[in-house]
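Colleague: Protein sequences, first through last, are from chains B and X.
To convert, note that position 228 of the first sequence is 248 in the numbering used here; the numbers rise steadily by one, no gaps.
To convert, note that position 102 of the second sequence is 1319 in the numbering used here; the numbers rise steadily by one, no gaps.
Check the hints yourself; a few may be wrong.
Unchecked claim - Simulated pairs of lysine to any residue, SDA-like, Cα-Cα distance not exceeding 20 Å:
hint, chain 1, residue 1, chain 2, residue 2
1, B, LYS68, X, THR1308
2, X, LYS1290, X, VAL1361
3, B, LYS68, X, LEU1317
4, X, LYS1422, X, PHE1406
These are computed hints drawn from the structure, not numbers from a lab.
From a predicted model like this one, the values you see are computed outputs, not experimental measurements.
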Amino acid sequence: MSQLPLVSQPPRPNTWHMYRAMVGIGILCGLLIVGVFELTKPVIARNKAEALQRAIFQVLPEANSSKTFRLEGEDGFAVHEGTEADGVQLVYAGYDEAGQLIGIAIEAQGMGYQDVIRVIYGYSFDKDAVIGIRVLESKETPGLGTKIETDPDFLKNFERLDVALTADLSAVANPIEFVKPGKKEQAWQVDGITGATISSNAIANILGASTANWIPRIRRGLEDFRATGGEAI
Amino acid sequence: MAGLDQTTDKRGTDEFIKGLWRENPVFVQVLGMCPVLAVTNTAMNALAMGLATMFVLVMSNIVISSLRSFIPKQVRIATYILVIATFVTVTDYVIAAISLDLHKALGAFISLIVVNCLILGRAEAFASKNTVGKSIMDGLGMGVGFVFALLCLGAVREIFGSGSLFGVELFHERFQDWVMMVLPAGGFFTLAGWLLLFNWMKERKARARSLEEEAA
Chain B
21 MSQLPLVSQP
31 PRPNTWHMYR
41 AMVGIGILCG
51 LLIVGVFELT
61 KPVIARNKAE
71 ALQRAIFQVL
81 PEANSSKTFR
91 LEGEDGFAVH
101 EGTEADGVQL
111 VYAGYDEAGQ
121 LIGIAIEAQG
131 MGYQDVIRVI
141 YGYSFDKDAV
151 IGIRVLESKE
161 TPGLGTKIET
171 DPDFLKNFER
181 LDVALTADLS
191 AVANPIEFVK
201 PGKKEQAWQV
211 DGITGATISS
221 NAIANILGAS
231 TANWIPRIRR
241 GLEDFRATGG
251 EAI
Chain X
1218 MAGLDQTTDK
1228 RGTDEFIKGL
1238 WRENPVFVQV
1248 LGMCPVLAVT
1258 NTAMNALAMG
1268 LATMFVLVMS
1278 NIVISSLRSF
1288 IPKQVRIATY
1298 ILVIATFVTV
1308 TDYVIAAISL
1318 DLHKALGAFI
1328 SLIVVNCLIL
1338 GRAEAFASKN
1348 TVGKSIMDGL
1358 GMGVGFVFAL
1368 LCLGAVREIF
1378 GSGSLFGVEL
1388 FHERFQDWVM
1398 MVLPAGGFFT
1408 LAGWLLLFNW
1418 MKERKARARS
1428 LEEEAA
């Protein structure tokens, strides 16, 4: 870089000036970030809660009220008041107008191509299948990995993805399986996306792990969800 | 690049206009190639990234030009990065507070702005030597030029790669998308095409001028 015309340069670097500039600007920047963080935190939390509520009704389209449940013990569920808390695993039950239980919305997450992908999916008791999925948070490559949210052929996988249980309700009979694009033959297979293989595979893995864990428990705890009914919130 | 800008006594409007065309950050200075190649696979992505970059560019130009006599030469780069990173973080939180959907669409790019050498380049080459007013004009001009360039790439890549523009389908559904255009290779091809066009136009203009001079 050529000589700076506006800054008169001391013969030896003045340490005090250097500290003053770096530390001073550092403190100001820190304060600015903390200020903006504190100001936007409640708004962001509210946005996230609203987005979650919207997503619950999107993955359980027939529901028009929902209730939050937390896992109690191995496979019992109890109504959960308030917001998310550490160490509590939550699921969201959806009810129709008559208060009939329709299905359960479950949050799941796992590693994608760049960062963790968070999704929510709907499980229907009638169809014994996953009936919808929404991505809540992802940092996948725009235009490629983000096809997991927009590609209509890929989303068709989740209109009725079979997760039927074995006879003793202990496990999913046919774990969700990822196959190459266009190779889907069974109701429990997920077709990949060309150009987004890693991201679409990640979604299949996330769903596979989460359904294997949750669906047997939810099935065994079915009465807990029915018992409370679905009075409007 | 360093030779292009010294302390200038041009008017503010000139500072604005030079960024649009004559010193366009992408097509002439070839700065900030990482976002240019990475996020221009659709026109919407390109526009959003361009606007976010422009905001950070203008804000950091303002701060750096107003602090230019306070920052010793030895620590200037570290200080500039500190200021730029702060504005990027602030932008990140503010966008998340305004709309989560928008934040989701932009999430992957926002942190990329910190390493965009266009911003550090303008801080070093212009804002650190000029008044606040001129630095604002410079930031706006370079920002608009950057948005323009990103849109040029994004539009071409989306039209060929997805058969649409800003998400609106353009062709018959039997149009076979050129998947390659959305992939990184397509970014290089498109950029090369635009650079070729710009250099050809520049050369033609230079030749016309030299002919005029000969005639005169």
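Colleague: Holds or violated: LYS68 of chain B and THR1308 of chain X, Cα atoms, limit 20 Å.
Modeller: 18 Å, holds
Colleague: Checking one constraint from the list: CA of LYS68 of chain B to CA of LEU1317 of chain X, max 20 Å. Satisfied?
Modeller: 7 Å, holds
Colleague: Regarding the pair LYS1422 of chain X and PHE1406 of chain X, is the alpha-carbon distance no greater than 20 Å?
Modeller: 25 Å, violated
Colleague: For a C-alpha distance cap of 20 Å, please report whether LYS1290 of chain X and VAL1361 of chain X respect it.
Modeller: 29 Å, violated
Hint compliance for this structure: hints 2 and 4 are not met, and every other hint is.
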